[in-house]
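*Asks:* All chains should be modelled from the sequences, with the hints used to inform the complete structure.
Residues per chain are reported as follows:
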Amino acid sequence: MIFHHLILRVVTKLLVGTIILFALYVQFHGDFSPGGGFQAGVIMAVAFILYGIVFSLESVKKVFPEWLVHKILALGVLIYACTGIATMLLGYDFLDYDAFAPLHPTHGQHWGLLAIEFGVGVTVTGVMVAIYYAFAGRPPSLPDEDW
Amino acid sequence: MIDTLTNTVLFVMLVLTALAIVRMERLFAVVMLSSVFSLLSALLFVTLDAVDVAFTEAAVGAGISTVLMLGTIALTKPTAKRSRHTAFVPLIVVCVTGAALVYGTLDMPAFGAYDAPAQMHVGPDYLARTPDDIDVPNVVTAILGSYRGYDTLGETAVVFTAGIGVLLLLSGLRRRREDEDEEV
Amino acid sequence: MGQLFNLQFLTGHIHYLLFIILMMTGLFIVVDKTNLVKKIIGLNIFQASVFMFYVSIGKVTGGTAPIFPMDDKYHVDKEALQGIVYSNPLPHVLILTAIVVGIATTSLGLALIIRIRESFNTIDEEDILNIEQEMTRDDNNKHRDVAEGLT
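Protein chains in written order, with this note's numbering: chain A, 1 to 147; chain B, 1 to 184; chain C, 1 to 151.
FYI, nobody ran anything at the bench for these hints, they're computed from the structure. Even glycine gets a Cβ: it sits at the ideal position worked out from N, Cα and C.
For the chain A half of the interface with chain B, some residues (derived, Cβ under 7 angstroms), not all of them:
#  : residue
1  : D31
2  : F32
3  : P34
4  : V42
5  : I43
6  : I49
7  : V77
8  : Y80
9  : T106
10 : Q109
11 : I116
12 : T123
13 : A134
14 : F135
*Replies:* Next up, the structure:
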């Protein structure tokens, strides 16, 4: 157990929860203010990356295991595409969200936007975390003193 | 006029950062400067009214890309070698390309013109139709998800594909196969 | 060319000139520097200036960010909307997705650099070129030896 970087560790523990909360806000408030799936996905990934940098790759992999990241990466695109297929099955065009509430089209649009933004957010989170795991999982060639 | 002044000041800072990146040889400093560059360009996007873009650039450019670049340096080498050839030919290439591009911009409509061709067709149409069609305040989200949902599906697929590419290049898939060979 | 010295023309086009200066700085890094990480950063600068150029096309003088006012039931307030000028949101949408795709492709490039470093033990373009030439020469020699052995 290493005991240096005490302040970094305490601050990170405080920040990670806040960052995830902010990511969820950006994700689901994207219709009303700047934000949306792409930004939320990146911010969500940053929370895990920060945890991985300050603690270790092993401890972040306990929270968010690698196999789950690989599944999530594909799941987001699937959610997006399935939203389109669902609108087709309801008798409308591909990605025409009026299908979700034919009597009140703007409500249908809101549901559709939520669904696809969620898909985008999930994929972007998965890709960014997977890329970080891939980079951090390699043995470094540079000793710490050389920085 | 004040807009032009703000933008120009931001630009001068951007160009100075870029020139510092050209001069630097310690890659750690170069990566930090590129993060500064991203934050400055996010400021510029705010003055250009693109708040969503500024948000993305700040999160992506200053957050993720810095981490990835530092990770790459940790896996490679911390300093760049001074190049052995002279900068004469690259300078000529850059100047000729730049002159051609400047010549191309002479015919463009002035910056911020309300009657520019880009302001004539779909853009104002989306702005006019969003309150009735979709009823969300953030027009960027409305266009991203609904009017141009196909594009965004494609972009998501591209991000997904790039992620798979990185996994194929760097993850332990190859090692796992070798382990299986050993077992056999 | 006389229009170049017209002040109104100049203030309308100075932005494009500045974007091009930035773009050319990025291009210079890509062409001149031999270190591969630096090349990627140069490409990023080039990319960022293209984004700025693209977003600047959507800017309308006196306009504001394209987010509508809301009423108390979270619907668009159509009365408050009248008379406000908005910038064109379309370039914002295209660039927003392009930035995220850009970071994904950049990381692909960085992954390639790591693999290159593992094969050649250098990330300098000139060194890689020298090593490859040496490898080709060795290969040629080997083939020639085999061919001479056959005759």
